[in-house]
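Colleague: Work out the full structure, taking the sequences as your base and the hints as a guide.
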Amino acid sequence: MPKIKLSQRTNEIIREICASFDNSEGELINVLHETQHKLGYLPAEVQELIANELNMSVAKVYGVVTFYSFFNMIPQGEFPISVCMGTACYVRGAEQILHEIKRQLNIEVGQSTPDGKFSLNCLRCVGACGLAPVVMVGEKVYGRVAPQQVRKIIAEYQESTVKQEKHEM
Amino acid sequence: MADYKMHLLVCGGTGCKASESEQVRDNLLAEVEKHDLSDEVQVVTTGCFGFCEKGPIVKVVPDNTFYVQVRPEDASTIVMEHLIKGRKVTHLLYKDPESEEPISDSKHMDFYKKQVRIALRNCGFINPEAIDEYIARDGYAALAKCLGEMTPQEVIDEIKRSGQRGRGGGGFPTGLKWEITSKSVADQKYVVCNADEGDPGAFMDRSILEGDPHSVIEAMAICGYCTASTKGLVYIRAEYPLAIQRLKTAIKQAREYGLLGENIFGTSFSFDISLRYGAGAFVCGEETALIHSMEGLRGEPTFKPPFPSEAGYLGKPTTVNNVETLASIPVIINKGADFFNSIGTEKSKGTKVFALAGKINNVGLIEVPMGTTLREVIFDIGGGIKGGKKFKAVQTGGPSGGCLTNSFLDTPIDYDNLIAAGSMMGSGGMIVMDEDDCMVSIAKFYLEFTLDESCGKCTPCRIGNKRLYEILDKITKGLGNEEDLTRLRSLCKVIKDTSLCGLGQTSPNPILSTLDNFYDEYLAHVRDHRCPAGQCKSLVKYTIDKDKCTGCTLCFRNCPVGAITGEKRSVHYIDNAICIKCGVCYEKCKFDAISVS
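Protein chains in written order, with my numbering: chain A, 1 to 169; chain B, 1 to 597.
Errors might be hidden in some of the hints.
[As the list claims (entries may be wrong)] Reference listing, derived: stretches of chain A covered by chain B, where coverage requires no fewer than 3 residues with Cβ under 8 angstroms from a Cβ of chain B:
| no. | stretch |
| --- | --- |
| 1 | 29–38 |
| 2 | 80–89 |
[Stated by the list, open to error] List time: in silico SDA-like cross-link candidates among lysine to any residue, alpha-carbon distance up to 20 angstroms:
| no. | chain 1 | residue 1 | chain 2 | residue 2 |
| --- | --- | --- | --- | --- |
| 3 | B | LYS588 | A | GLY93 |
| 4 | A | LYS38 | B | ALA238 |
| 5 | A | LYS140 | B | ILE244 |
| 6 | B | LYS588 | A | ARG151 |
| 7 | B | LYS537 | A | ALA146 |
| 8 | A | LYS102 | B | ALA577 |
Treat the hints as calculated values from the structure; they're not laboratory data.
Bear in mind the structure is a predicted one, so any value in this text is a computation, not a measurement.
Even for Gly, the Cβ is constructed at its ideal location relative to N, Cα and C.
Modeller: In structure tokens form, the structure reads like this:
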């Protein structure tokens, strides 16, 4: 892994988070949740610092980060798009929706558009099966989506920008 | 509930929230205020009513009027007509699908008629963020009864006598689990609530936590009393922000009321609860994996024994119970084991919550007595198949379960019958499929899920499932042969026999059950390279019948990729090189001119 090259401020943020959990190894998952919440994602440098703080091996931290699907090692787009691939959505055509989004944005699942505007992910069941198939853009849920609507949904965000609340690294 | 004359209950479940139920509530509040009714009418956000298909739902109490698909702009009509003039808003009432007659009281709707609500008793009735409303409906009375009148062993005996089995999937007797922990000797023991609901298509745990969090807290405290544990932990998915928030509020309120903390009800019993977050790993539904995850490790299962009841979290005896299991406990204590075990079948007592989804008219959350038949659930409560199509199969038990066909429709649902039929209860997801669903693709879908979620510890599961997936993929692309079907079966058996945890042992079930029940469909794929349901894209081709095409341009306008060409009022053509086989043209055509082959 490369040498730590995080900004002073980021360093402090991570140290504070670790300290708030008593730098305890058993709290690793909570530390990762909190860090991702503040920074948006968990690149290698961040994992290295956390390992240092909690006095454990980087391999262990990396093992946990990669084990759980909730943790990301690459930054999310400004508008993260998630397609529900739960069974209810699947039988109501989620695959076609996913295909259409990939086609429109020209990216694969797990990637972001070059301008950093959109990222695409699949998720398993948001529990809104009554509205299947479901697509989420950020926190907003779109229900009963048809492939023809995809263009319109993306266009809603194409022009607008939200303030980046995430801390820059 | 306070001195209000009327209550407007607005569903705040995830499904309804996604359909702007918050805006509905805000508008109702504003209208109530505008007409100076704030002292008489209370607007309450409740948990899930269950009837997600028709959300957002607004219920008027005390006359029990049940409004469906309420839009934010309907708020003024409801307040003006119903509240002020006393007339029901007919166009917002649920209409009986057969007679088309509006039904005002939910009790008379087919969806609710056959339901018996124990775990969901408060969902949709109370404000989940108000502890007083829970207490008004006998909340914490069971805890008081246990602490004041019963010894821990008496409580355990009552639970044992009720015959309740774990609702998370395994079906292990709850009372027995508690007894084992209570008999383990240790300086510290734990109560864990498993709220890591991972089955795609199952959302009962989330609805209970969002709609009635106190029932889970009360049950955890009762379990703590029985097992001499002072610490409770809820392991909950980070993907459920609303449930987390409601649970946090509920825990805080319970502490303020002295229902959690030191010396509860003035006894020597102390108990408190904290939260642990999951991070998206299906395997963490397995108790040992869940415990490792709570310890900050990778959620990999380990060998049992020792069972968590003997050595669990941090090596201490730990009782792990599912949300739905816990939510029923206060009722068992309050109404007695005999009430609970009078419901259900010989070996499966009480009720079960199912999440109905897929190609069914009434998608939603239901609770029925064990022993209800699939037919009653799908056709009476669920309202049958969407769009008048033919029922093909119902998938129960999530990625560990199987697909059941027509011939199982009259089987009473309980743990043992479902296993005998080649599926399982699981957490209670029920996905209904119609004639358009390809069963090979469904099996492939579940395998893809397992591949994603296998923790990788055991070779048969890590590599075997990958091979299974590849074979299925080959079949859906028309490249399979009959030998593949034999290979599938033998590999499934090896994976079942040699995996350590429930995930690996059950991962081949979707394949085995579809092979058993839909062998012809597999044969069609490998022999004739044909997908009878027309879903396997590599095997289908859309063509326009030139005798039937009127040149209405509807298909042309709806095609997302511009694969259709043709002038107005003349025959259209599909360019199969561009076509992505999405099927939109097929659905849109009003003249039946598009065929799938």
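Colleague: Decide, hint by hint, whether the structure agrees.
Modeller: To see whether the hints hold, each was checked on the structure:
{"no.": "1", "hint": "29–38", "result": "holds (count 4)"}
{"no.": "2", "hint": "80–89", "result": "holds (count 4)"}
{"no.": "3", "hint": "LYS588(B) x GLY93(A)", "result": "15 angstroms, holds"}
{"no.": "4", "hint": "LYS38(A) x ALA238(B)", "result": "15 angstroms, holds"}
{"no.": "5", "hint": "LYS140(A) x ILE244(B)", "result": "18 angstroms, holds"}
{"no.": "6", "hint": "LYS588(B) x ARG151(A)", "result": "18 angstroms, holds"}
{"no.": "7", "hint": "LYS537(B) x ALA146(A)", "result": "18 angstroms, holds"}
{"no.": "8", "hint": "LYS102(A) x ALA577(B)", "result": "18 angstroms, holds"}
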